[in-house]
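Chains as they are written, first to last, in this note's numbering: chain A, 1123 to 1504; chain B, 5 to 207.
None of the hints are false.
Simulated crosslink set (EDC-like; lysine to aspartate or glutamate; CA at most 16 Å straight-line):
1) 1258/A to 1140/A
2) 1258/A to 1144/A
3) 1457/A to 71/B
4) 1465/A to 46/B
5) 104/B to 164/B
6) 1410/A to 1247/A
7) 1261/A to 1291/A
8) 16/B to 46/B
9) 1457/A to 78/B
10) 1465/A to 41/B
11) 137/B to 147/B
12) 1365/A to 1386/A
13) 1261/A to 1297/A
14) 1457/A to 80/B
15) 16/B to 85/B
To be clear, the hints were calculated from the coordinates, so they are not data collected in a lab.
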Amino acid sequence: MYDPSASDSVGIVTPRNEAFEESLALASGQSIAGFSLRFETYGELNAERSNALLICHALSGDHHAAGYHSESDRKPGWWDSAIGPGKPFDTNRFFIVCPNNLGGCKGSTGPASVNPATGLNYGPDFPIVTVRDWVKSQKMLMERLGIQRWAAVIGGSLGGMQALQWSIDYPDLLDHALVIAAAPRLSAQNIGFNEVARQAILSDPDFHGGRFYERDVVPRRGLMLARMLGHITYLSDDAMRAKFGRELREGRINYSFDVEFQVESYLRYQGVSFVDRFDANTYLLMTKALDYFDPAAEAGGDLAEALRATRCEFFLAAFTSDWRFSPARSREIVKALTEAGRKVTYAEVEASQGHDAFLMPITYYFEVLRAYMERVARGVGV
Amino acid sequence: MTELRADLEIIKNWITPGSRVLDLGCGDGALLAALRDERQVDGYGLEIDSENIIQCVRRGVSVIQCDLDAGLPDFDTQSFDYVIMTQTLQAVNYPDLLLKEMLRVGREGIVTLPNFGYWRHRLQLGLLGRMPKSNTLPADWYDTANIHLCTLDDFERLCDKQNIAILERLVVDHAHQARAGVTFFPNLLGEIAIYRCQRGAAS
Chain A
1123 MYDPSASDSV GIVTPRNEAF EESLALASGQ SIAGFSLRFE TYGELNAERS NALLICHALS
1183 GDHHAAGYHS ESDRKPGWWD SAIGPGKPFD TNRFFIVCPN NLGGCKGSTG PASVNPATGL
1243 NYGPDFPIVT VRDWVKSQKM LMERLGIQRW AAVIGGSLGG MQALQWSIDY PDLLDHALVI
1303 AAAPRLSAQN IGFNEVARQA ILSDPDFHGG RFYERDVVPR RGLMLARMLG HITYLSDDAM
1363 RAKFGRELRE GRINYSFDVE FQVESYLRYQ GVSFVDRFDA NTYLLMTKAL DYFDPAAEAG
1423 GDLAEALRAT RCEFFLAAFT SDWRFSPARS REIVKALTEA GRKVTYAEVE ASQGHDAFLM
1483 PITYYFEVLR AYMERVARGV GV
Chain B
5 MTELRADLEI IKNWITPGSR VLDLGCGDGA LLAALRDERQ VDGYGLEIDS ENIIQCVRRG
65 VSVIQCDLDA GLPDFDTQSF DYVIMTQTLQ AVNYPDLLLK EMLRVGREGI VTLPNFGYWR
125 HRLQLGLLGR MPKSNTLPAD WYDTANIHLC TLDDFERLCD KQNIAILERL VVDHAHQARA
185 GVTFFPNLLG EIAIYRCQRG AAS
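Work out the full structure: start from the sequences and follow the hints.
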């Protein structure tokens, strides 16, 4: 709940838009002519323009990372625990930019936007975008905002992949990359889960090849299933056991296919509520961006070689119960960074919450994040 | 700035400027910070303790949180000039394996150890029949991190067995002074030993 007296909240925030007329050439070979990015900012850009942080969102995230849009909002932005006055990403010291990714569904140009060439929603015609394309578009936003250099680029999960891509693609434009609960590329298992999620959407009769907007329907069942599946991979076995166990909703088995176990009820709720706030085509795009992410590929599969181009310092964190992007995946990045001779800090956080832990204010995680951000702040004199 | 612990001061002076250093069990990162500031060494520390990780982050040294009992699988063979273990070897589960790993990854190893064979330790165990406590071993037997204590002789025998050549040895008292007499009876009079070693010639 919004609390106007909370001194560690950024309070009420208003999203902004920047429109770009120029054409953006994408990794797929396609290009997108004219697009806009929606984003939020927290804190003030200092006179030297040296205190800017870029926060990149994950699969189902958006530009609303902190604060509230209105006094009646029930929930704050997705990383409100970490962003605000006195928090690890301290808005008293830093100017924080968080955009909605291109292809998103929260205000940046995406499949649900109207294609100026046809006057219809892009739908399946929206080009597939990659992590590198996002980074490119974020660089355009950076220039538009008059920021010459990020004090740090920060992200968790798919957001962490963007931070890593930033360090490779624009080595001289950031001092630090914070890559949290990420992986250098997806495993076959990760891609497998994404494919099942995509098939759930693609096979929904209401999907209509992605042109469901024109028919005024939504592939609810498919998107709901995709989210339910995703949600299982965000939690750990332990976290699910602790939260639901085998608890029955009515206290007894009914020998039916209705919701019986609490965990079923929870997953259905997560799925249903997701449908109301997310676009099925965007979900498809985001999972593809994940699948394609592989910065080592251009260096012949040698991640250390790919990271030799970087100049920034790195902070990585992973969580012990995360099986989606396990600590071993972060250690692959750490290994490559040490081979490449880059400065790197790696914290392995004991946490029971699974992949979702990166969003939670776990004491040690936040302490080490805070200590690292102190260093980032010192580096730019704020 | 606080003064560097005396054994770390000694080690610092053994390190060639600009070299590549890995510090196993780097604690609060004091040695790595000193090496960075005075020896142009940007090294990496491995550490398991979260409090220490935070201290390292504050000092701005590169630290990687991991368990040394898993060995050093994330580091390539001969990828560092020096691998350092200060007061670490006696606190791990498999000191013999870690010693091997140290000289697989590093061209040279530097090890500091408390000497369990120091005369005061011997007196406490031999005459009083109690587990020794001293400046170098201040903890009680039940809450010590030192689970694999050894004497200098023991350590040197292990080096011998593993075909490790000791290039340099400094045996000192708890104030890290090399006193007269220590040279002649290091295993009896020395409290702490600092070794520089490398893989022996192939036999």
